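First to last, the sequence lines map onto chains V and D.
The first sequence stops at residue 521 when you use the working numbering, and every number in between is there.
The second sequence stops at residue 1105 when you use the working numbering, and every number in between is there.
Just so you know, the hints here were simulated from the structure itself, not pulled from any lab data.
Be aware that one or more of the hints could be misleading.
To be verified - Negatives, chain D to chain V, calculated, CB over 12 angstroms:
no.	residue
1	1006
2	1007
3	1008
4	1024
5	1025
6	1026
7	1027
8	1035
9	1039
10	1042
11	1044
12	1046
13	1048
14	1051
15	1052
16	1055
As the list claims (entries may be wrong) - Listed below are the simulated DSS-like cross-link pairs for lysine-lysine, each with C-alpha atoms no more than 30 angstroms apart in a straight line:
no.	chain 1	residue 1	chain 2	residue 2
17	V	457	D	1078
18	D	1058	V	214
19	V	512	D	1071
20	V	201	V	214
21	V	141	V	85
22	D	1078	V	408
23	D	1028	V	37
24	V	368	V	247
25	V	234	D	1058
26	V	340	V	284
27	V	370	V	512
28	D	1048	V	490
29	V	247	D	1058
30	V	201	D	1028
31	V	66	V	142
32	D	1058	V	201
33	V	201	V	37
34	V	201	D	1068
35	V	201	D	1010
36	V	234	D	1068
Every value quoted in this text rests on a predicted model; they were computed, and no experiment measured them.
C-beta atoms are modelled at their ideal positions from N, C-alpha and C, and glycine is treated no differently.
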Amino acid sequence: MLEPVVSKGTSQKNNEIDSKEILDNTSISLLNDDLRKVVDDSLDGVVSLGLTKSKTENEIATILEKFRTGLNNLFSKESNWTFLKPLLLTLETCVKCQTCSNSCPIYESSGFLEIYRPTFRAEILRRLYSTYIKNSHPIIKKIRERGIEINFALVFRLAELSYRCSLCRRCSQSCPLGLDNSVITREIRKMFSQELGIAPKDLHERGTIQHLAKGSTTGMTPEIVRDNVEFVEKDLEERIGYRVETKWDDSGADVLLFQNAGEFLSWPENPLSLSILMDLAGIKWTLSSDLVGYDGVNYGLFYDDVQLAKILQKHFSIAKKLGVKRIVVGECGHSTKVFKIISDRLVCPEIPVEDAMTFIERIVFSGKIKFDPERNFFPVTLHDPCNLVRNVGILEPQRRILRCLAPKFREMTPNGFWNYCCGGGSGFAVMSSYNFNEWKMKVSGKKKISQIIDAFKNEIEDTNIPKIVCAPCSNCKGQIRDLLNFYSLKERFSLHFCGLSELVVNCIPELKEPIIDFSIL
Amino acid sequence: MPEIEWNGMKIEVDEDGFMVNPELWDEKVALALASTDGIEVLNENHWKVIDYLRSYYKQYGIAPMIRKLCKETGFTLKDIYDLFPSGPAKGACKVAGLPKPTGCV
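Throw the hints in and build the complete structure from the sequences for me.
Take a look at the structure:
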């Protein structure tokens, strides 16, 4: 059974709170005996997929056959024209130096569990590739390559193992050869989804399928989303005395904004803050109420090319139909990655795309809006969403803004391209089945929560001082909320979180009340 | 599928602990579901939240936004967490017999 690192907190000088003590925790609970009879937990006792164990011989044969076909398709140019090149590059070039293992937060937080090494699942795929696909000379095969046999246990365990990496790409950042093990993880997930129909329910049925059928991963229909947005506009007006008027489907607009629809349900101040900024800067913007258009997410990025392409096509066709000059992606990391650097692998994007960070930066420094940074006189630290920062390269705009508008801003350590994932990356933030949530809290999220506590070390115990983690990504916010709740840090240390837009709008003096209200955060 | 057992009653739940057959929900089921989050008694305030969630769900087919829930019940988000330690989505919705809220919420 998986044993996360148990660090016995040593007594600290000046009685400083030590994040290690708070996170000192027991191992993850196994499923109960009845469930364990049915659900496969043979990898590490943790279950994200809920694959059922009992299979007839015929069923097993079918699964193995599909897996073989899947492998062939994964390594064929015709089927995998999207990602075969980066996949082969990492598979063929890695020299197994293990530099990446030292940089993987999940491997470290698990207490160095061997199967979590970034190179472990890569090696499984490499051996499968060598045994079943690559046609090396028998002598080369004997000296240089190792084989592995496909069997049922391997197939199910490999499926689970592809959901023990959050695709944060910290390993890739450290690789001396610039290789990317996250591509391998993601391609394994893709093979399972496209060929065997194995994918987490929260990403597939409740995610992309629902997104395409109902219009949003949240299940909101166009009517509900419009009704909800109107409600939060009124609610905000009552609080801060400013009325946002969302324009829907305005073909005269310059900017079409793709917000993560979950923001409206859970953190409406975030999208409304960006609306306020656009209004005050005199930008002509619109939201789409077309199916799929009012939800900018694209969970296909995490596990499936077909779903990824379907949603992407829909997003671009909506923008084209409206005739906008530009697409702006809200504060959502994976969606930014899809639009900025993945889209041209799958479709032919005809409309320029801008991310929220540079967009907000231009507004803030345009001189069109007056700010009073003293309204943000509380400790603020910044979480770097992996997709936004390491994976797309947007590092400086959000820092430039915070240095100007948040007088008590401080960095976490490490940060920027060397940040740690919140632990909810690659869809983990929305996955919580069986004991997977506990794994997210105790293993994949451990590094982040310890960084957050350490960033506020000097004032952590003073609950009169509210502290904010600025996390400009919906997925990260969901995970950080769950971490703060799991470790009771909100009440204990007055720790809060929000996006970047709220911190900007919070210091606009012409608003009657600050938009950040700690009592409702 | 997992099951929860409570006072001799068996309820089929999904992998997240939400009801598989929400049409079988009643007040006893709510107590059973609440017990999985360590809530032993459902008081007047719990019911206020549950009733609102159910009536909204009946009308719109999804869970309401958190801000609406707070405004309509008069509770702060902290109150909701005090009542349902797993929070409005994973806690309150589950006890009220709604399906698990989806998307980045």
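Verify the proposed pairing of residue 368 of chain V with residue 247 of chain V, using a straight-line Cα cut of 30 angstroms.
holds (21 angstroms)
Grab the minimum beta-carbon distance between residue 1046 of chain D and chain V and tell me whether it stays above 12 angstroms.
holds (18 angstroms)
Need the status of pair residue 201 of chain V, residue 214 of chain V: alpha-carbon distance at most 30 angstroms?
This hinted pair holds, its Cα atoms lying about 16 angstroms apart.
Can the restraint linking residue 201 of chain V and residue 1010 of chain D be considered satisfied, given a maximum Cα separation of 30 angstroms?
This hinted pair holds, its Cα atoms lying about 24 angstroms apart.
Please confirm whether residue 1007 of chain D is truly not at the interface, meaning its C-beta sits more than 12 angstroms away from all C-beta atoms of chain V.
holds (18 angstroms)
Take a quick look at whether residue 247 of chain V and residue 1058 of chain D sit within 30 angstroms of each other, Cα to Cα.
Holds - the C-alpha atoms of residue 1058 of chain D and residue 247 of chain V are around 29 angstroms apart, at most 30 angstroms.
Quick one, are residue 1048 of chain D and residue 490 of chain V close enough, alpha carbons at most 30 angstroms?
Since the Cα atoms of residue 1048 of chain D and residue 490 of chain V sit roughly 25 angstroms apart, the hinted pair holds (cutoff 30 angstroms).
Mind checking the alpha carbons of residue 512 of chain V and residue 1071 of chain D for me, to see if they're no more than 30 angstroms apart?
holds (21 angstroms)
Mind verifying the non-interface call on residue 1039 of chain D? Its CB should be farther than 12 angstroms from each CB in chain V.
holds (16 angstroms)
Reported absence of residue 1035 of chain D from the contact zone with chain V (all CB gaps over 12 angstroms)
holds (15 angstroms)
Is residue 1058 of chain D close enough to residue 214 of chain V, meaning Cα to Cα at most 30 angstroms?
holds (17 angstroms)
Would the least Cβ to Cβ distance between residue 1042 of chain D and chain V come out above 12 angstroms?
holds (21 angstroms)
Violation of the numbered hints given earlier is absent; every hint is satisfied by the structure.
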